[in-house]
Every structure is written in structure tokens, then in C-alpha cells.
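Asks: The residues making up each chain are set out below.
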Amino acid sequence: MSATIFYARSAMGSKARGAALVAKDGFSARYDLDRVRGIFSRPEHRLAGESYVGRVLVLDAAKGGVATAWMLYDMKARGVVPAALVLNAVNPIMVQGAALAGFTMISGFDVDITQTIPNGAMVEVDPTAQPPFIRLL
Amino acid sequence: MMKLTAEEQAMRAGECGPAAQWAIEHQIKVGEYLGAHDFVPVTQAHVMADTESLGAAGVEWLERLAAQPAERRRLRVPTITDPRGTDFAAAHRLKQQPWMLELERRAIAAFETLGVLMTNTCINYQTIMAPVFGEHVAYGDTGVVIYCNSVCGARSNFEGGPSALSAGITGRTPRYGYHLPERRRAALVVDINHTPRGLDEWGALGAIVGRLAGDYWQVPALTGIDRIPTSDEMKHFGAALASYGSVALFHMVGITPEAQREGDVGAGSDALPRHRIGKAEIESFRTSYMSAIDAVDLVVFSAPQLSLMEMQELARMLDGRRARIPLLAVTSPQVKPDADRLGLTARIETAGGMVLSGMCFYQSYAREMAEANGWQRLATNSAKLVNIIGGYGYKPALLSMEACIEAACSGGRIAR
Numbered sequence: 001m002s003a004t005i006f007y008a009r010s011a012m013g014s015k016a017r018g019a020a021l022v023a024k025d026g027f028s029a030r031y032d033l034d035r036v037r038g039i040f041s042r043p044e045h046r047l048a049g050e051s052y053v054g055r056v057l058v059l060d061a062a063k064g065g066v067a068t069a070w071m072l073y074d075m076k077a078r079g080v081v082p083a084a085l086v087l088n089a090v091n092p093i094m095v096q097g098a099a100l101a102g103f104t105m106i107s108g109f110d111v112d113i114t115q116t117i118p119n120g121a122m123v124e125v126d127p128t129a130q131p132p133f134i135r136l137l
Numbered sequence: 001m002m003k004l005t006a007e008e009q010a011m012r013a014g015e016c017g018p019a020a021q022w023a024i025e026h027q028i029k030v031g032e033y034l035g036a037h038d039f040v041p042v043t044q045a046h047v048m049a050d051t052e053s054l055g056a057a058g059v060e061w062l063e064r065l066a067a068q069p070a071e072r073r074r075l076r077v078p079t080i081t082d083p084r085g086t087d088f089a090a091a092h093r094l095k096q097q098p099w100m101l102e103l104e105r106r107a108i109a110a111f112e113t114l115g116v117l118m119t120n121t122c123i124n125y126q127t128i129m130a131p132v133f134g135e136h137v138a139y140g141d142t143g144v145v146i147y148c149n150s151v152c153g154a155r156s157n158f159e160g161g162p163s164a165l166s167a168g169i170t171g172r173t174p175r176y177g178y179h180l181p182e183r184r185r186a187a188l189v190v191d192i193n194h195t196p197r198g199l200d201e202w203g204a205l206g207a208i209v210g211r212l213a214g215d216y217w218q219v220p221a222l223t224g225i226d227r228i229p230t231s232d233e234m235k236h237f238g239a240a241l242a243s244y245g246s247v248a249l250f251h252m253v254g255i256t257p258e259a260q261r262e263g264d265v266g267a268g269s270d271a272l273p274r275h276r277i278g279k280a281e282i283e284s285f286r287t288s289y290m291s292a293i294d295a296v297d298l299v300v301f302s303a304p305q306l307s308l309m310e311m312q313e314l315a316r317m318l319d320g321r322r323a324r325i326p327l328l329a330v331t332s333p334q335v336k337p338d339a340d341r342l343g344l345t346a347r348i349e350t351a352g353g354m355v356l357s358g359m360c361f362y363q364s365y366a367r368e369m370a371e372a373n374g375w376q377r378l379a380t381n382s383a384k385l386v387n388i389i390g391g392y393g394y395k396p397a398l399l400s401m402e403a404c405i406e407a408a409c410s411g412g413r414i415a416r
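Chains as they are written, first to last, in our numbering: chain W, 1 to 137; chain F, 1 to 416.
Calculated from the structure, these hints are not laboratory results. Each hint can be trusted.
Mimicking DSSO-like on lysine-lysine, the simulated pairs with C-alpha atoms at most 30 Å apart in a straight line are:
#, chain 1, residue 1, chain 2, residue 2
1, F, Lys279, F, Lys395
2, W, Lys76, W, Lys15
3, W, Lys24, F, Lys279
4, W, Lys24, F, Lys29
5, F, Lys29, W, Lys15
6, W, Lys24, F, Lys395
7, F, Lys3, F, Lys29
8, W, Lys76, F, Lys95
9, F, Lys29, W, Lys76
10, F, Lys3, W, Lys15
11, F, Lys95, F, Lys395
12, W, Lys76, W, Lys24
With the Cβ distance kept under 8 Å, some of the chain F side facing chain W (calculated, not the full set):
#, residue
13, His26
14, Leu34
15, Met48
16, Ala49
17, Ser53
18, Leu54
19, Gly55
20, Gly140
21, Asp141
22, Thr142
23, Phe158
24, Gly177
25, Asp215
26, Tyr216
Every residue gets a Cβ at the ideal spot worked out from N, C-alpha and C, and that includes glycine.
Isolated chain W, as found in the complex:
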């Protein structure tokens, strides 16, 4: 039987649930998103055209510039925001943005998390658990 729970090394925020939106691709709010419409807008991104609102984003690595540190806060204030962010690798900007916004994020796994969570699967993310985890529901 394959595993249904995956433990992360780092986490912040509160528990979240939602349908997973998964891709072996990076994440930057500035580079990749149309934050007004709530969709991935960069043509080269594997999730181009997909809505991220209310989804648990499962992606490879934080990318791009520093703007995400502010953007997550504004996205959350407007309610056009993912439910949580699950990454193989973070950069400081993603951590800073999640800290300001009170956003749920976990990162760092023993597996490639983008290859283990099926796209569209219902998942729960618990950054408050020790160790923090994402699990299939």
C-alpha cells in the first residue's frame, strides 16, 4: 500500500484542506500569477490557465523575485489566495511572505512531493503537527 502521509521539515501557519493543484514547476506570485483573476498566467508555467483559489498548491521550488513577500498578504486580504503552499524547496521570500500573511506553508520532504500527491486529490496540510505533514484524504 502506498503512503498517504508525507512529513515536512519546516512549516508555518494553520491547518488547511483543499484539492491539490500539482506541478513539477516553480512558484512566484509576481512571475506566474494573474492575481486579479486568481489564475496562473505565465504561458510557460505547467499550470497556465488554472485557478489557484482555494487549492493546495504542490510545487517544486520557490522562484523569482522579492515581490511575493508582499503579494501573499494582499492576495489573502482579497480572498483570492491558495489554501496552502507545499514546496520541495523554499526561498526566504516565500517564508517572509507567508510569515507576514499568516499563510499556511510546509516544505522539505524526503520524496519529491510533486511526484507523490496526485493532481486534484483532496489533501490536508497540518503545519502545527510535530512533524508537520500533508496527507491524502
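Use these hints to put chain F onto chain W, whose structure you have.
Replies: Just chain F, lined up with the frame of chain W:
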């Protein structure tokens, strides 16, 4: 758990006011996530906070911080700003909307109340005060961080606006990442057998290396660069490397200060992945951004802002020419007065260009400007801009400065 000094504990307890309390709590959250054991004092902070990123919520957050009594929100180290979301003198020509300008004015008022120096530049290492070797700083803007880490030998992580402002308030930052000597060692080696010519090629090389590196924690060491690059070449290389790879530090063996020899940064190790990049890879990268379009609606020189030397080169190439589509040249508020005084602005504008100051194209409501002006296809010599602007709905082409000008003067047609 981070170890705190008595002063840091006092900040956390609120004894230094609510701004310092919020700032150090924010920094502790970030530091603990990223494995910091303590703080390191910094000498400068550089805050990225254009209103396209801040949004209304971010501006309101800044206003609440600024509303604290002055003695309860003082900055401990000089704190400067990245570009704004507009050049007020040209906003009407860019067809920016009044609500954008109003949001900018509110953000500026809040920053000024906090005592932030509104330098509005992403080339502070060329214009304000470059850090010295070993100096710990808290810089925003990825291009600023990678240049200062790599070329100057300073110590900084990417500090987004909230964290850079926190560093300005507390005078310190969590000691993780590139504040630690062991994090600054090479993680991959890239052998270069074609030293780029032109800023667009330097940007293309940065982009390719960035894709190879892949994430923030990878430090590439380059070998084979056969001459000392100029500051502008390093600027475009680093900006693209940071943009495509989220990379914050590179070494060029024999050139940058921490890597006089391969062994200085561990780049001689056989255990490291090794890659090779030549002219073919650079040309392939450039053409990948040209195959979809054969004409453009505008030409943009920006990202990073232009140095005085780039302004001079642009003016020289435009002398006697006439741009038939919009041609925007974006520089810093420090360079602009010199460009005015030396006649460069007049030469660029006589040829039909528009010189903008204190903003950056992609940070200035690029999507809304595209819709208002009917812009879709864009030519630039900035690989960084090419990487970013697709997400705002543009189709970009990466060309040399000369080819960009040719396109502008031939009504947008790209010469093949």
C-alpha cells in the same frame, strides 16, 4: 529556537515600541523556519515596495505602522527603497490610472513618515552606496542582492519588503543563508567557452545558468570568462541569474572577490556537477524568445534601471534616428539629473524615446499599461524583463540594444 540578546529580548517584549516588537517577531518566525540560531547586525536595508506588489492591503499595513508615535517606530539603520510603481511626471503618458498614483502617494507618505530614504532605485550599488567586502546588509530586489553578494562580497539574503523594513527597524537580520560562510561555497561549476558580448548576451548567460542552478540555495561558480566584465555586464548577468534561478550568489573564478582560485569556493571538487555553456546555448536561448513574433509594439530598456553609461550608449545609438513606436528608457532618480545635465535625456527624447525615472517597467502595473496602450509584443535587451513580463500578458523578444533601436525605428519590425 533563536538565541536573543538582551536588546532583542527587550524588542520582543515591546519595550522598544510596537514597530520593533512586530519586526523582531516577524524576523524570528522567518529565522526559525530557515534554521537561524541568532541575529547578525546590518548596516543598511533596501525595501522593495511598489504598490503593484503591496496592493491596497499592503499600503494600509504600512500606514498603520507609520501611525505609531515617532519615538515608537524609529529606524536603526539607513533604509532605502527599490523603484516605485510610477514616474509621476510621465504617468499620464503611460496611461496609468489615478487610483494607481493615489496608492503610490499613500505608500510614499507612509515610508517618509517612517524615515525611509526614497531612493527608488534597483541600482543602489552603482548610485547610492555600494557595500564593502564582508558587510552584512538586508537588501531587497534580487538583482541588488546578487550583485552585492557576488561582485562586492557583501552578505545578504533576499529580503522581501516586510523583512527589509523589519531589518531597518531592528538593525539586524536572522543569520541564515548567505550570512554564513559555509553557505557561500560553490554547488555547481559552469565552464564558459564564449564570453558574452552585449548586455543581452550577459543576461542570456545568466538565465541559462539560473535554470541550471534551479533554486535559491545553489551557488554557481563560473570558469572561463576571459576578461573582467563591466559593472553593467555583471548587473545584467546577475539580474537574469537571480530571476531565472532565484539565485542570490555566484562566483566567477579569478574575477569575483571570494573566488580568486577555484579552490577558494570549493569549485575544484570533482563531486560538484559540472556544465558547459558556449555560444550555441546563448544563441538558442535568445531565439527561443523570438520565434513567436516578428514585430513588436514597444521597446523597453529597464530591469535593472539604466546606468549613466547605458544612457550614454542609448543616446549615441539614437542620434539622428527616430523611434516610430514607444521606446521607454527607465533609469534611477540619481542618474536622471546627470542624464539631463549632460544632454543625454534630450538626445533620447529628440529621437522619440521617453526617459522615465524612479520606476521599473514590470513593477509599474504592466498589465494595466498593456491594456490601456494596446501593448502586447515587447522588445528589450533585459533577459530579466523577458522572464517576468510574460506573466503580465506580453510576448517578449530579447534583442541587443542596437537591434531594439532598429526595431523601434522601423515601426516595430524585427530584423532577421
